[in-house]
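> What follows is the residue order along each chain.
There are 2 protein chains.
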Amino acid sequence: MLKTSPLAPKTVPTMPQVKGVRMATTASGERYKSRGDLSAVVCDAGTIAAGVFTQSSTAGAPVLWSREVLSNGAGRAMVVNAGNANVFTGCQGKNDVRSMAAKLAEKVTGLEKEQVFVSSTGVIGEYLDMACLEQAIAQDLHLSEQQDWLALANAIGTTDTYPKVARAIIELGGEVIHFAGLAKGSGMIEPNMATMLAYVFTDAKLSQALLQTCLLDVTQRSFNAITVDSDTSTSDTCLLFATCLSGPMIEAVGSDYAAFAAALEEVMRDLAQQIVRDGEGASKFITVHVCGAKNDESAQAVAKSIANSPLVKTAIAGGDANWGRIVMAVGKTNEPVVLHKLTISMGSVLIATGDGLVDGYDESLVAQHLAGQDITIDVDLGGAGAGEATVWTCDLTHGYIDINADYRS
Amino acid sequence: MLKTSPLAPKTVPTMPQVKGVRMATTASGERYKSRGDLSAVVCDAGTIAAGVFTQSSTAGAPVLWSREVLSNGAGRAMVVNAGNANVFTGCQGKNDVRSMAAKLAEKVTGLEKEQVFVSSTGVIGEYLDMACLEQAIAQDLHLSEQQDWLALANAIGTTDTYPKVARAIIELGGEVIHFAGLAKGSGMIEPNMATMLAYVFTDAKLSQALLQTCLLDVTQRSFNAITVDSDTSTSDTCLLFATCLSGPMIEAVGSDYAAFAAALEEVMRDLAQQIVRDGEGASKFITVHVCGAKNDESAQAVAKSIANSPLVKTAIAGGDANWGRIVMAVGKTNEPVVLHKLTISMGSVLIATGDGLVDGYDESLVAQHLAGQDITIDVDLGGAGAGEATVWTCDLTHGYIDINADYRS
Numbered sequence: 001m002l003k004t005s006p007l008a009p010k011t012v013p014t015m016p017q018v019k020g021v022r023m024a025t026t027a028s029g030e031r032y033k034s035r036g037d038l039s040a041v042v043c044d045a046g047t048i049a050a051g052v053f054t055q056s057s058t059a060g061a062p063v064l065w066s067r068e069v070l071s072n073g074a075g076r077a078m079v080v081n082a083g084n085a086n087v088f089t090g091c092q093g094k095n096d097v098r099s100m101a102a103k104l105a106e107k108v109t110g111l112e113k114e115q116v117f118v119s120s121t122g123v124i125g126e127y128l129d130m131a132c133l134e135q136a137i138a139q140d141l142h143l144s145e146q147q148d149w150l151a152l153a154n155a156i157g158t159t160d161t162y163p164k165v166a167r168a169i170i171e172l173g174g175e176v177i178h179f180a181g182l183a184k185g186s187g188m189i190e191p192n193m194a195t196m197l198a199y200v201f202t203d204a205k206l207s208q209a210l211l212q213t214c215l216l217d218v219t220q221r222s223f224n225a226i227t228v229d230s231d232t233s234t235s236d237t238c239l240l241f242a243t244c245l246s247g248p249m250i251e252a253v254g255s256d257y258a259a260f261a262a263a264l265e266e267v268m269r270d271l272a273q274q275i276v277r278d279g280e281g282a283s284k285f286i287t288v289h290v291c292g293a294k295n296d297e298s299a300q301a302v303a304k305s306i307a308n309s310p311l312v313k314t315a316i317a318g319g320d321a322n323w324g325r326i327v328m329a330v331g332k333t334n335e336p337v338v339l340h341k342l343t344i345s346m347g348s349v350l351i352a353t354g355d356g357l358v359d360g361y362d363e364s365l366v367a368q369h370l371a372g373q374d375i376t377i378d379v380d381l382g383g384a385g386a387g388e389a390t391v392w393t394c395d396l397t398h399g400y401i402d403i404n405a406d407y408r409s
Numbered sequence: 001m002l003k004t005s006p007l008a009p010k011t012v013p014t015m016p017q018v019k020g021v022r023m024a025t026t027a028s029g030e031r032y033k034s035r036g037d038l039s040a041v042v043c044d045a046g047t048i049a050a051g052v053f054t055q056s057s058t059a060g061a062p063v064l065w066s067r068e069v070l071s072n073g074a075g076r077a078m079v080v081n082a083g084n085a086n087v088f089t090g091c092q093g094k095n096d097v098r099s100m101a102a103k104l105a106e107k108v109t110g111l112e113k114e115q116v117f118v119s120s121t122g123v124i125g126e127y128l129d130m131a132c133l134e135q136a137i138a139q140d141l142h143l144s145e146q147q148d149w150l151a152l153a154n155a156i157g158t159t160d161t162y163p164k165v166a167r168a169i170i171e172l173g174g175e176v177i178h179f180a181g182l183a184k185g186s187g188m189i190e191p192n193m194a195t196m197l198a199y200v201f202t203d204a205k206l207s208q209a210l211l212q213t214c215l216l217d218v219t220q221r222s223f224n225a226i227t228v229d230s231d232t233s234t235s236d237t238c239l240l241f242a243t244c245l246s247g248p249m250i251e252a253v254g255s256d257y258a259a260f261a262a263a264l265e266e267v268m269r270d271l272a273q274q275i276v277r278d279g280e281g282a283s284k285f286i287t288v289h290v291c292g293a294k295n296d297e298s299a300q301a302v303a304k305s306i307a308n309s310p311l312v313k314t315a316i317a318g319g320d321a322n323w324g325r326i327v328m329a330v331g332k333t334n335e336p337v338v339l340h341k342l343t344i345s346m347g348s349v350l351i352a353t354g355d356g357l358v359d360g361y362d363e364s365l366v367a368q369h370l371a372g373q374d375i376t377i378d379v380d381l382g383g384a385g386a387g388e389a390t391v392w393t394c395d396l397t398h399g400y401i402d403i404n405a406d407y408r409s
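Top line first, the protein sequences correspond to chains A and B. In this text, residue positions in the first sequence follow the numbering used here: the first is 1, and each later residue adds one. In this text, residue positions in the second sequence follow the numbering used here: the first is 1, and each later residue adds one.
The shape of chain A in the complex, shown without the other chains (with noise of 0.2 Å):
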């Protein structure tokens, strides 16, 4: 087990027990011999899911299956094991998902394999070892209301260092509606219209077309919002279940659908944080905002450009104010950009405009700034626009080279 990142969250949070939501966890021994490694929850009938995947060309099986179970619109559960991503795999893939999911429908009255979603996530190219998944999820899987939230986001973890988990709690037509999210990702990570493995549960009550249209929208200010190596994975998958057991039925418009979505983007925010909190090395936090840009998709490549950025993540792993490879960051996207206003800052502190340096510059601030574990970066593009975004990354260490070029063995 790696050590916990530096970054992890200092507490966690008390998990609410969301209505409707059975789940389990076994270590079935297919990667991982002393944890749990393989989960599934099961969701009551009525429940409505939303979800958006990995945009990749070479999305793995449980991805391709996962689709399908979204469009037939009668997903309500889930299996995931860890330590296999079940890519680039084949027909025999394939099969093993679908084998995946029926094993888990045989136990559970009522529930069709066409009803289970599925997910894995860990090597590239290596087939499952079906014998020891299926009898597992037979036999070791227990279902139980009692929901231990944070069991099921240690067992779908690869090289994570610690669960991440995430909850709401609102009110609503004096209803508790209550959100349990959780989360994995550690490497591998610039999500594409979706993340590494994310699930939110809700028993709010709402249309599915609504939902969908919600976690569009949210994905695109949390998961879509981070990165921590640029590099984007085959098997990002984020779910969303509502099992519509709690609070008056929200519709589109109104002060419902607000609170729905802000709780809803609070949960999400907030494990995609954890995911680059938990970047593989990360030694420091760093929060990009843009401003200025023609329009927030600029914003979000410029920030983007600067978050991925080798030159950048190393000199503030070294805690070193080399502002201009952010300069450099900006000039090689060839978004637009008002030189001679563009504004630099680090820390709150400005320290160069489109002219240089500003009078007075005193880099031991920013170095102080730098020399903790929270770390901003503001660029203003001068003007081009109104358009802004807001990415979150991590550094780029030593440690993350001696998790990547030493992974399978």
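Careful: at least some of the hints might be erroneous.
[Stated by the list, open to error] Within a straight-line C-alpha distance of at most 25 Å, the following computed BS3-like cross-link-like pairs (lysine-lysine) qualify: (1) K341/A to K94/B; (2) K113/A to K94/A; (3) K113/B to K94/B; (4) K94/A to K107/A; (5) K107/B to K94/B; (6) K94/A to K107/B.
Rather than coming from a laboratory, the hints here were simulated on the basis of the structure.
Please arrange chain B on chain A, whose structure you already have, making use of the hints.
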């Protein structure tokens, strides 16, 4: 001085004397204390020049100046300092470039400042020490017809661990034509229509228009086909000077032009590969070849995605045959792929096709290949088209972190 890269060429070529070229180097003390860091080259009147520059929107003052020199059509000299890039330095930076060109022009009869290209690389965002540079140009640069290409290549370097030179000699119309090239670059390397700094001198005779056409064409398959760390410099400059003192007039069609272009490509590809071989922290040289793409641009996008993937680069650093990461890097581009025909090979060993691992795959053969220094990756996108491309890169090691987490100090 950094330890010489293990991938450095084993021998240095005997460099030719190119007719009509004078040069000088000196230690100005602007940044480096005990080595050459300032250099100048002056070609005879009648010389023509071609150039390509960084496409960065934050390109430095020397690049802006040199673009003007190129467009006025009379450029035939250059002055280069190492250690300070003179980028994002506003009006002062622009004045300083003009002063450097003027100072060189002052000491050469018949040379105008508008004929002097200027290049600077190093830290971004600091002002040049002009008192130091002006004095060194005026007093310490002694132009000589004895061409010391190695001294010149050393004096333009920054984090380079060895001087990069290349040559070619051809015969046209019974006369010998010489090519001498030099380059610097080690980090912040993913040139976009240019490279860090590269200069090629020839005494061939041809029109400026043809020279520029040839340079653009060859750049695409040399400097634009390499990457070290996906970061694009604000200072990238590649200049090609022809003194027109040897051989027949080369026209746009015919065997003379073909021979000229082939020799130029040999020199530029050699220099480009030397930059990769000196990639910061590099321990392995990697050739990525992609075929079966929609077109050459699509093939290059996929090859660059593989070559820039931190997970692919760290796996190779660790000698890990983790080919699944290559599948990931193909997928994240969203370039067209015929997935069931996609094939992945390393070291000429076919590893996987769209249906997964090939029968009888022997990982030890790939592991043996990865234990060496020259790694090949071959990807066939499955016949989406006939496009193909080759990109050269290096692995990502602890050395890169060491160098870049502590660059300015």
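> State for each hint whether it applies.
Hints, one by one, checked against the model:
1. Restraint check: the Cα-Cα separation between K341/A and K94/B comes to about 17 Å, which is no more than 25 Å; the hinted pair holds.
2. Proposed proximity of K113/A and K94/A is supported: the alpha carbons are some 14 Å apart, at most 25 Å.
3. For the given pair, K113/B sits about 14 Å from K94/B by alpha-carbon distance, which is consistent with the 25 Å threshold.
4. A threshold of 25 Å between alpha carbons decides the hint, and for K94/A with K107/A the separation of about 21 Å falls inside it, so the pair holds.
5. Of the supplied pair hints, the one linking K107/B and K94/B holds, its CA atoms being roughly 21 Å apart against a limit of 25 Å.
6. The suggested pairing of K94/A with K107/B is violated, with an alpha-carbon distance near 74 Å, which exceeds 25 Å.
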